[in-house]
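Protein chains in written order, with my numbering: chain P, 1 to 416; chain D, 417 to 751.
Everything labelled a hint here was simulated from the structure, so no lab data went into it. Among the hints, a few may not be true.
Unchecked claim - 25 Å max Cα-Cα, derived SDA-like pairs, lysine to any residue:
#1 D:LYS517 with P:TYR260
#2 D:LYS466 with P:PHE387
#3 D:LYS517 with P:VAL137
#4 D:LYS466 with D:SER745
#5 D:LYS678 with D:ASP614
#6 P:LYS393 with D:GLU482
#7 D:LYS657 with D:LYS517
#8 D:LYS517 with P:VAL237
#9 D:LYS517 with P:GLN253
#10 D:LYS517 with P:SER227
#11 D:LYS517 with P:VAL263
#12 P:LYS303 with P:TYR192
#13 D:LYS517 with P:MET262
#14 D:LYS466 with P:LEU379
#15 D:LYS517 with P:ALA162
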Amino acid sequence: MSEPARSVPRPLPVAGPGGAGARSAPPGIGRADGARAHGIAAGARHGILARLSRRAGDLLLSDYFVLYLSLAYVLVLLPFLPTLSNPANLSNVLSNMWPLLVVAVGQTFVLTIAGIDLSQGSVIGLASVVGGALLAVGGSGAVLENAPLWGTVLTEEGGPLAGVPYGLLVGIVAMLVTGAIIGLINGVSVAYLNMPPFMVTLVGLIGIGAFAIWLTQSENIRPLPDSFVELGKGDLVSVYLGAQDEPRIPRRQIYSFVTYPMVIALLIAIGAHLLLSRTVFGRYVYAIGANRRAAEISGVPVKRIIVAVFIISAVCAAAGSILYSARLEAGRPTLGEGAFLLDVVGAVVIGGTSLFGGKGKIIWTVWGVLFFVLLSNTLNLMNLSSFHIDMVKGGVILAAAMLDVLRTRLMRERAI
Amino acid sequence: MKRLTTFGVGAALATMGAAIAAPASAATICFAFQDLETEFWVAGHAAIIKTLEDEGHQVIERNANEDANRQLEQVRDCIAQGVDGIIIIPQDGESAVTIVKEAQENDVPIAVFNRPPSDLSRGIVVVADNASIAGQAVDFLAEQALAAAGEGEKLQPLILVGDLGDPNAVGRKEGFYNAINAHKDRFETPIEVATEWDAATALANLEAAVTANPEIDLIFTSSDFLFPTIRSVLEPRGMWKKRGEEGHVILGGLDGDATACKLIKDGFVDATGVQDLYFEADEALKAILTAIDAGEYAPNEVIEDPGFALTSANIGEREMDMWGCVLLSEGFLDK
Numbered sequence: 001m002s003e004p005a006r007s008v009p010r011p012l013p014v015a016g017p018g019g020a021g022a023r024s025a026p027p028g029i030g031r032a033d034g035a036r037a038h039g040i041a042a043g044a045r046h047g048i049l050a051r052l053s054r055r056a057g058d059l060l061l062s063d064y065f066v067l068y069l070s071l072a073y074v075l076v077l078l079p080f081l082p083t084l085s086n087p088a089n090l091s092n093v094l095s096n097m098w099p100l101l102v103v104a105v106g107q108t109f110v111l112t113i114a115g116i117d118l119s120q121g122s123v124i125g126l127a128s129v130v131g132g133a134l135l136a137v138g139g140s141g142a143v144l145e146n147a148p149l150w151g152t153v154l155t156e157e158g159g160p161l162a163g164v165p166y167g168l169l170v171g172i173v174a175m176l177v178t179g180a181i182i183g184l185i186n187g188v189s190v191a192y193l194n195m196p197p198f199m200v201t202l203v204g205l206i207g208i209g210a211f212a213i214w215l216t217q218s219e220n221i222r223p224l225p226d227s228f229v230e231l232g233k234g235d236l237v238s239v240y241l242g243a244q245d246e247p248r249i250p251r252r253q254i255y256s257f258v259t260y261p262m263v264i265a266l267l268i269a270i271g272a273h274l275l276l277s278r279t280v281f282g283r284y285v286y287a288i289g290a291n292r293r294a295a296e297i298s299g300v301p302v303k304r305i306i307v308a309v310f311i312i313s314a315v316c317a318a319a320g321s322i323l324y325s326a327r328l329e330a331g332r333p334t335l336g337e338g339a340f341l342l343d344v345v346g347a348v349v350i351g352g353t354s355l356f357g358g359k360g361k362i363i364w365t366v367w368g369v370l371f372f373v374l375l376s377n378t379l380n381l382m383n384l385s386s387f388h389i390d391m392v393k394g395g396v397i398l399a400a401a402m403l404d405v406l407r408t409r410l411m412r413e414r415a416i
Numbered sequence: 417m418k419r420l421t422t423f424g425v426g427a428a429l430a431t432m433g434a435a436i437a438a439p440a441s442a443a444t445i446c447f448a449f450q451d452l453e454t455e456f457w458v459a460g461h462a463a464i465i466k467t468l469e470d471e472g473h474q475v476i477e478r479n480a481n482e483d484a485n486r487q488l489e490q491v492r493d494c495i496a497q498g499v500d501g502i503i504i505i506p507q508d509g510e511s512a513v514t515i516v517k518e519a520q521e522n523d524v525p526i527a528v529f530n531r532p533p534s535d536l537s538r539g540i541v542v543v544a545d546n547a548s549i550a551g552q553a554v555d556f557l558a559e560q561a562l563a564a565a566g567e568g569e570k571l572q573p574l575i576l577v578g579d580l581g582d583p584n585a586v587g588r589k590e591g592f593y594n595a596i597n598a599h600k601d602r603f604e605t606p607i608e609v610a611t612e613w614d615a616a617t618a619l620a621n622l623e624a625a626v627t628a629n630p631e632i633d634l635i636f637t638s639s640d641f642l643f644p645t646i647r648s649v650l651e652p653r654g655m656w657k658k659r660g661e662e663g664h665v666i667l668g669g670l671d672g673d674a675t676a677c678k679l680i681k682d683g684f685v686d687a688t689g690v691q692d693l694y695f696e697a698d699e700a701l702k703a704i705l706t707a708i709d710a711g712e713y714a715p716n717e718v719i720e721d722p723g724f725a726l727t728s729a730n731i732g733e734r735e736m737d738m739w740g741c742v743l744l745s746e747g748f749l750d751k
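Working from the sequences, and respecting the hints, build out all of it.
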C-alpha cells in the first residue's frame, strides 16, 4: 500500500564541498587561501543550485503545483488577453469547470487503481436519455416517432414523471442508477472476469453510446422541467459590480457566483476526497493501484473494491450528465461523444493522478480541471480554431504524462 | 439573386455588403458555427465572414466541431468578450433554443443562420421554407418518374432523411411526402433511409436499403452533399445512369450546391431544391446589424427564404440563380 503523498519531508540543508564552513571564510586571505576560497565559492554556488533544485522538486511534488501553474499561466497571459480577468469570463470558466469536475472525480478513482474508464462518455449520453425520457414535460411526435421510446415511455404529454410529485428526484435517481448499473457491469467484468479495463470500457463506450442513440434514433428530448434545468444553470448567488446608474442592470453585467452546479460539484468532490483520503476504502484503492497482487496478499478485498470504483466512476458520469443535460436543456444521446473523454482524462492526468496507478488525489483533480478549463478558455480567447485547440490540448496532456514520469522518478529518488 | 447572374460570387458579396445597413460604428460579431462539413456551410461561412470584414466589423469565429455543449461554452465566451451580436449555425434545433435564450438573457442580439431552433419565437431566425422547396423539387421528380413509367405501374420512391433533430430535415421530409402523397395511387410507401447528416451512416443504410429493394425508381436526398454517397451505392449496381439511358433512377436533392449543379448538367440528377444562400446570409447580417444599431437586445423575427427548384427543364434559364452553379462556373469543384 502506498499513500501517494507529494508532501515529502522538508529538505535537509544541503552543503557543498566546502561544507558549512564555506559560508564563513575569514577576510584577508592569501593565495593558497584564495584558491581555497574559490573552491568554497564554487561549493556555495553548487549548494545554492542544489537547494534550488530541491525547491523545484518540492514545488513539482506539491499538492498545489497545478494551481500554481494555473496562476502563473493566467499572469503570463493577462497582459495579452485582458478579457481573461473579466468577471464575466471568470464566471464562465467556473461554470464550465463544475460538470467536468464531477466526471473527472470518478475517473480519478479508476486511474488510481491503474485502470481507465472510457465508458464515461456513453454513460453521460444514456443517463441523459433516461432522464430526458422520464422527466420531459412534452414531446414531438414529428421528431421522435421512430424512436423506440416514443409511445412506450415518452408521449406528446411528456415522460411518466412529468408533473408527478417528487418526479424530479425520482428522475435524478434513475439517471444515477443507470450509471451504477453500467459501472457494476464494468467492475464485474474487470474484477471477476479479469478483463482489461481498457477493453471493457471501450466496448461500453461504443455499445452503450449506440444504445442511447438507438433509443431516441439520435434525436434530442425536450422540453425538460424548469426545476431540472435550474440544476444546470441556476444561480444561488449572483453579483453585480459597480454603481447602479440605470434602472435596469443589463443581465450580462450580473455574474453568476454561487450556482447549483458549483454546489453539486463541490459536494461530490468533498465527499470523494474524504472517501479517498480518510477511509479504509481509500487506502484499499491506493493499495490496489500500487500493486494489486500485494494488496490481495495483504487481505484487501480487491475484487469488491474494483467493482465499487467502477460504480463510483459511472455514477459520477451520470451526475455529470445531470449537469450537462440541464445546461443544454435536453436529453441528448450524443452527450459525452467526441473529444469529451480527452477533456476528462486530460484534466485528471494534468492534475497529477498517475496513469500507472497508486497515486491520485481529488484536490489534484480539482486543479487539473481548473487548468484544463482555463486552457480551453484562453485558447478560445486567442481565437484559435477548434482543431488547433484540440492539438494544443493533446500536447498539454502529453506534457502532463511526461511530468507524471518525472514526478514518479523524483519520489522514488527521495524515498531512497 | 439576379445580381449573381452578372457579377459572380465576388460581385454578389460586394453587392450584398453594400446592401446591408451599416451600423453607426464597427461592431464585434461572434460567428459560432457547428462545423463546415458541406459545400453549403463552407459557402455560407465565406459569405458571412467576407461581408462582415468588408464592412469593417470585427469577426470572432468559433467552430464547435459538432459539439453542442462546446458551442454553448463558446457562445458564453463570446458574451464574456463583450461582443455586440452573435450569428450561429447551431448543431441542432434543440441546442439552438438554449443558445438563443442564453444570448438574449445576456442582452446580446442573436441571429440563427439556416438551421432554425425548434422554437421559432426567439431570436432572428433566417430559414429556408424547406417543406415548400422540397415539395417543388419532388413534384418535378414525381412528374418525371410517372412520365417514364408504364400505365398504372406503381413506383418505389426512397428518401434519405436528415437528422430529425434539425427542423430543416423535418421540413424536407414533409415536403417530400406532400409531393409523393399527391400521387398516392402511383407510389408505393416510400423507403426511409436515416442519414443523421453523416455520409458514413447514409452509405451503410442506403447500401442495406438498395440491396433489400433493388427496384427503386426515385431517390430524394434531403441534402445535396449526399450525391457522391448515392453514386457510390448505385454505380456498382449499374443504377447510375444519365437521363434517357435505360435504368436511370430519377434523382433529386436539396441545397443547390456545386455538385448538384454539375450532376444536373451531366444528366445524372433531375432536380434540386435551392436555398438562396446569399439571400439568407444577407438577411441575417442586415437583421443583426440593424438590431445592434437600434440597441435592441432581443430581436425576434423569422425571415423565410422561399427558394425554388432547379430542374433539368429550367436549368437553362435559372442556372445562375443557384449559388452552387455560380461556384461551379468559378471552378469551385476544380480547386
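**Asked** Are LYS517 (chain D) and MET262 (chain P) close enough, with their CA atoms no more than 25 Å apart?
**Response** The hint holds at about 21 Å.
**25 Å Cα cutoff - pair LYS517 (chain D), VAL137 (chain P)** = holds, 19 Å
**Message:** What's the verdict on LYS678 (chain D) and ASP614 (chain D), does the C-alpha distance respect the 25 Å limit or exceed it?
**Reply:** holds, 22 Å
**Prompt:** Quick one, are LYS657 (chain D) and LYS517 (chain D) close enough, alpha carbons at most 25 Å?
**Reply:** Since the Cα atoms of LYS657 (chain D) and LYS517 (chain D) sit roughly 48 Å apart, the hinted pair is violated (cutoff 25 Å).
**Message:** LYS466 (chain D) and LEU379 (chain P) were given as a pair; does the straight-line alpha-carbon distance stay at or below 25 Å?
**Reply:** Cα-Cα ~23 Å, so holds.
**Item:** Hint consistency between LYS517 (chain D) and GLN253 (chain P) [alpha-carbon to alpha-carbon, up to 25 Å]
**Value:** holds, 16 Å
**Prompt:** Between LYS517 (chain D) and VAL263 (chain P), is the straight-line Cα distance small enough, at 25 Å or below?
**Reply:** With Cα atoms ~24 Å apart, LYS517 (chain D) and VAL263 (chain P) stay inside 25 Å; holds.
**Prompt:** Going straight from one Cα to the other, do LYS517 (chain D) and TYR260 (chain P) come out at no more than 25 Å?
**Reply:** holds, 19 Å
**Asked** Is the hinted pair LYS517 (chain D) and VAL237 (chain P) satisfied, with a Cα-Cα distance of at most 25 Å?
**Response** Holds: LYS517 (chain D) and VAL237 (chain P) sit about 20 Å apart, inside 25 Å.
**Prompt:** When you check the alpha-carbon spacing of LYS303 (chain P) and TYR192 (chain P), does it fall within 25 Å?
**Reply:** Holds. LYS303 (chain P) to TYR192 (chain P) sits at ~7 Å (cutoff 25 Å).
**Request:** Quickly compare the C-alpha distance for LYS466 (chain D) and SER745 (chain D) to 25 Å and report which way the hint goes.
**Result:** Since the Cα atoms of LYS466 (chain D) and SER745 (chain D) sit roughly 20 Å apart, the hinted pair holds (cutoff 25 Å).
**Request:** Would you mind confirming whether the straight-line C-alpha gap from LYS466 (chain D) to PHE387 (chain P) stays at or under 25 Å?
**Result:** holds, 21 Å
Hint 7 alone, counting from the list given before, is not met by this structure.
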